[in-house]
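Chemist: Read top to bottom, the protein sequences are chains Z and E. The numbering of the first sequence is the working numbering, which starts it at 1 and goes up by one. The numbering of the second sequence is the working numbering, which starts it at 1 and goes up by one.
Read the hints as simulated data drawn from the structure, not as lab findings. Watch out, some of these pointers could steer you wrong.
[Unchecked claim] As a list, the in silico DSSO-like pairs of lysine-lysine whose alpha-carbon atoms are at most 30 Å apart:
| hint | chain 1 | residue 1 | chain 2 | residue 2 |
| --- | --- | --- | --- | --- |
| 1 | Z | Lys17 | E | Lys87 |
| 2 | E | Lys141 | Z | Lys73 |
| 3 | E | Lys133 | Z | Lys63 |
| 4 | Z | Lys124 | Z | Lys110 |
| 5 | E | Lys141 | Z | Lys124 |
| 6 | Z | Lys63 | E | Lys206 |
| 7 | E | Lys130 | Z | Lys73 |
| 8 | E | Lys48 | Z | Lys63 |
| 9 | E | Lys175 | Z | Lys73 |
| 10 | E | Lys82 | Z | Lys73 |
| 11 | E | Lys128 | Z | Lys84 |
| 12 | E | Lys133 | E | Lys175 |
| 13 | E | Lys48 | Z | Lys80 |
| 14 | Z | Lys17 | E | Lys34 |
| 15 | E | Lys48 | Z | Lys84 |
| 16 | E | Lys34 | E | Lys141 |
| 17 | Z | Lys73 | Z | Lys84 |
[Claimed, not checked] Among chain E residues calculated to face chain Z with C-beta under 7 Å, some are:
| hint | residue |
| --- | --- |
| 18 | Ala47 |
| 19 | Asp55 |
| 20 | Glu57 |
| 21 | Gln64 |
Don't be surprised by glycine CBs; every beta carbon is placed ideally from N, CA and C.
What follows is the residue order along each chain.
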Amino acid sequence: MAILEYMEEQFPSNSIKLLPSQPEDRCKVREICETIASIQALQNMAVLRHLESQSDALPADIKQTWAQYYIEKGFRTVEKLLDKYAGKFCVNNEVSLADCFLVPQVYNAKRYQVDLSQFPHISKLNDALIKIPAFENAAPKNQPDCPDEMRSVV
Amino acid sequence: LYSYYRSSCSYRVRIALNLKNIEYEIQGVNLLQKGQLTDDYQAINPAKQVPSLIDAENNQTLTQSLVILEYIEEMFPNNQVKLLPTKPQERRKVREICETIGSIQTLQNMAVLLHLESLSEALPADTKQKWAKHFIEKGFKTVETLLDKYAGKFCVNDELSLADCFLVPQVYNAKRYQVDLSQFPHISKLNDALTKIPAFENAAPKNQPDCPEEMRSVV
């Protein structure tokens, strides 16, 4: 988030504004970003591995269950926020930092087999956003450090 | 301000409001009695968390502590102190510290600890304590490195900022989970200086209207 706010401050007029001008709309964008950031903080691989290491008594699927739990919990909040705030994009009708946060989190959700049909706003926005070249080019399978054998699976 | 006396996220906002000399009314939300789960509160905060800020004059309902702090700074840039520097490079440093501390709290808050504990009866009795300590120490190692690079009189250079508002409540949490702060000299020294400032002191858990009498001497 610190990087994105910096980029927006350094390049406010490049192509598109990723933060609205009005304080109340900026709050909405940041609120979605922070909500999604909290999801990721709880379901990243380092946390899952630390969880698994807690006890041999934990079920074999504990990483998956934990990740799913926190993604679903967080997405229920995001869905409510989008219900209030979304237009063509996460907040009103302009692309913002919130859209930059949403797509990668949906990617994570799919990785942990979260059923996205529970989240119609999230699903619909994600479907629209990933068609945009800037989002497509940023996808994991299109990265220079993506191993060849992973390109068709990620 | 919907706040719980012991919530470090609420504490951050109390500090900032005090520093900016903004008058506010505390609405205590008792997390132990699931006050955050009422329908009324959910309508204010869909994530069912504290803090939430109602700015009645501007008809705004705000959630997420960093969002609230950025809003306060944008709405009241000239009140008393600037809590974000002017230059983007310096603002980035402040936000970096805030986000790092935010991630610590996300991993060690009571809801997560209780969820962890509920996973299995075979988990040791001290699992919550050890988990909280692990993530606070891990995060504080990063914060210490950042402070080594950025700190002057305060977290970033010589002016108070949002980073200081984040630091003190996280140190409060660290003490609660018996983290040995002597490993973190920058954090310790800054916290000692900051907690003496009245705006910080007045925001402390023990000084909150919703702090139970019997807790005043222990929190």
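Chemist: For every hint, state whether the structure bears it out.
Modeler: The hints, checked one at a time:
For the hint linking Lys17(Z) to Lys87(E), the alpha-carbon distance of about 19 Å falls within 30 Å, and the restraint holds. For a cut-off of 30 Å, the pair hint linking Lys141(E) to Lys73(Z) stands: about 29 Å separates their Cα positions. For the hint pairing Lys133(E) with Lys63(Z), the CA-to-CA distance comes to about 21 Å; that is within 30 Å, so the pair holds. For a cut-off of 30 Å, the pair hint linking Lys124(Z) to Lys110(Z) stands: about 14 Å separates their Cα positions.
For the hint linking Lys141(E) to Lys124(Z), the alpha-carbon distance of about 40 Å lies beyond 30 Å, and the restraint is violated. Of the pairs offered as hints, the one joining Lys63(Z) and Lys206(E) is violated, with about 38 Å between alpha carbons and a cut-off of 30 Å exceeded. Annotation: proposed proximity of Lys130(E) to Lys73(Z) holds, straight-line Cα distance about 24 Å (limit 30 Å). Distance restraint check for Lys48(E) and Lys63(Z): the Cα-Cα separation of roughly 25 Å lies within the 30 Å cut-off, and the hinted pair is therefore satisfied.
Proximity of Lys175(E) to Lys73(Z) is assessed by CA-CA distance (about 29 Å); at most 30 Å being required, the pair is judged to hold. Distance check on the hinted pair: Lys82(E) and Lys73(Z) sit about 35 Å apart at the alpha-carbon level, beyond 30 Å; violated. Distance check on the hinted pair: Lys128(E) and Lys84(Z) sit about 36 Å apart at the alpha-carbon level, beyond 30 Å; violated. A distance of roughly 10 Å separates the Cα atoms of Lys133(E) and Lys175(E); the hinted pair therefore holds under the 30 Å criterion.
A hinted pair counts as satisfied when its Cα atoms are at most 30 Å apart, and Lys48(E) with Lys80(Z) qualifies at roughly 12 Å. Taking the CA atoms of Lys17(Z) and Lys34(E), the gap is about 40 Å. The hint is violated against a cut of 30 Å. Proposed proximity of Lys48(E) and Lys84(Z) is supported: the alpha carbons are some 16 Å apart, at most 30 Å. The hinted pair formed by Lys34(E) and Lys141(E) fails the criterion: a straight-line CA distance of about 33 Å is larger than 30 Å.
Taking the CA atoms of Lys73(Z) and Lys84(Z), the gap is about 18 Å. The hint holds against a cut of 30 Å. The closest approach between the C-beta of Ala47(E) and any C-beta of chain Z is roughly 4 Å, which is under the 7 Å cut-off, so the hint is satisfied. Because the closest C-beta pair between Asp55(E) and chain Z is about 9 Å apart, greater than 7 Å, the hint is violated. For Glu57(E), the interface hint is violated, since its Cβ never comes within 7 Å of a Cβ in chain Z; the closest pair sits about 13 Å apart.
The criterion of a C-beta within 7 Å of any C-beta in chain Z is met by Gln64(E), whose closest approach is roughly 4 Å, and the hint holds.
Checked against the numbered hints given earlier, the structure breaks hints 5, 6, 10, 11, 14, 16, 19, 20 and satisfies all the rest.
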